[in-house]
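Visitor: Sequence:
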Amino acid sequence: MSICLVGMATASLWTAFLEPLISKTKVKPHEILLALLIILGLYIIFQHETSFDSIIGIAMAVGSALLASIFTIINSRLVKLVPSTTITCYEMAGACLGTVLFFPIYTQFFAAGGTLAFGMQLMDWVYLLVLTLACTVYAYTAGVRLMQRFSAYTMNLTVNLEPVYGIILAILIFPESEKLSSGFYLGASVILLSVFIYPVLDTFDKRRKKKKLQQTFPDSVVVRKD
Numbered sequence: 216m217s218i219c220l221v222g223m224a225t226a227s228l229w230t231a232f233l234e235p236l237i238s239k240t241k242v243k244p245h246e247i248l249l250a251l252l253i254i255l256g257l258y259i260i261f262q263h264e265t266s267f268d269s270i271i272g273i274a275m276a277v278g279s280a281l282l283a284s285i286f287t288i289i290n291s292r293l294v295k296l297v298p299s300t301t302i303t304c305y306e307m308a309g310a311c312l313g314t315v316l317f318f319p320i321y322t323q324f325f326a327a328g329g330t331l332a333f334g335m336q337l338m339d340w341v342y343l344l345v346l347t348l349a350c351t352v353y354a355y356t357a358g359v360r361l362m363q364r365f366s367a368y369t370m371n372l373t374v375n376l377e378p379v380y381g382i383i384l385a386i387l388i389f390p391e392s393e394k395l396s397s398g399f400y401l402g403a404s405v406i407l408l409s410v411f412i413y414p415v416l417d418t419f420d421k422r423r424k425k426k427k428l429q430q431t432f433p434d435s436v437v438v439r440k441d
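Note that the working numbering has the sequence shown beginning at 216, numbered continuously upward.
Hints are computed from structural coordinates only; laboratory data are not their basis. Quantities reported herein were computed from a predicted structural model and do not represent experimental measurements. Don't take each hint at face value.
Stated by the list, open to error - Straight-line Cα separation of at most 30 Å, DSBU-like style, residue types lysine-lysine; simulated pairs:
#: 1; residue 1: K243; residue 2: K295
#: 2; residue 1: K241; residue 2: K427
#: 3; residue 1: K295; residue 2: K239
#: 4; residue 1: K424; residue 2: K239
#: 5; residue 1: K241; residue 2: K295
#: 6; residue 1: K425; residue 2: K241
#: 7; residue 1: K424; residue 2: K241
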């Protein structure tokens, strides 16, 4: 579980390279720097976690991060043209349809006994509704709406926080199976470092650009419309 979570943290790496290409925006040096920092973290992990399962887990997680990055970049462009609720409606409907179509494959190859036995009780439906409406639909709609103000890179940085609480919960819930090498935690720490230094570097970059603009146009007057 921890290995997959760390792989998902590479979403910001992919976004740093793909967003300027897709959105036709300028490449930000500090975003590339943080992307390279993530690569360093992955390299450290690969140096210490050499089992086949670990490599497969990392590969699948990095691939998922790539798809998630593309998905977020596309949404960041769509939200400027289409309401966030409309985007959520279509994407949730597509996810539901895809899950239903996958059920026969899951039943055939993965389900024990070849059948789906949910055994849902009343409280299970309550928990499912809470997860669906509050933790998925509402949270996702709010996230898409935020893309009107923030870049896809900034939004994907939130994915980098998942390993923090995910690994902590995994250690608490599955203490035996989550015992990994010290190299893994060193690499994970390098990756997570990108989360915490990004706001510092981004603020510094904005101040540098503002100062440069003021030096270029010292007599310009900025008019605010309240």
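Visitor: Which hints, by number, does the structure contradict?
Guide: none
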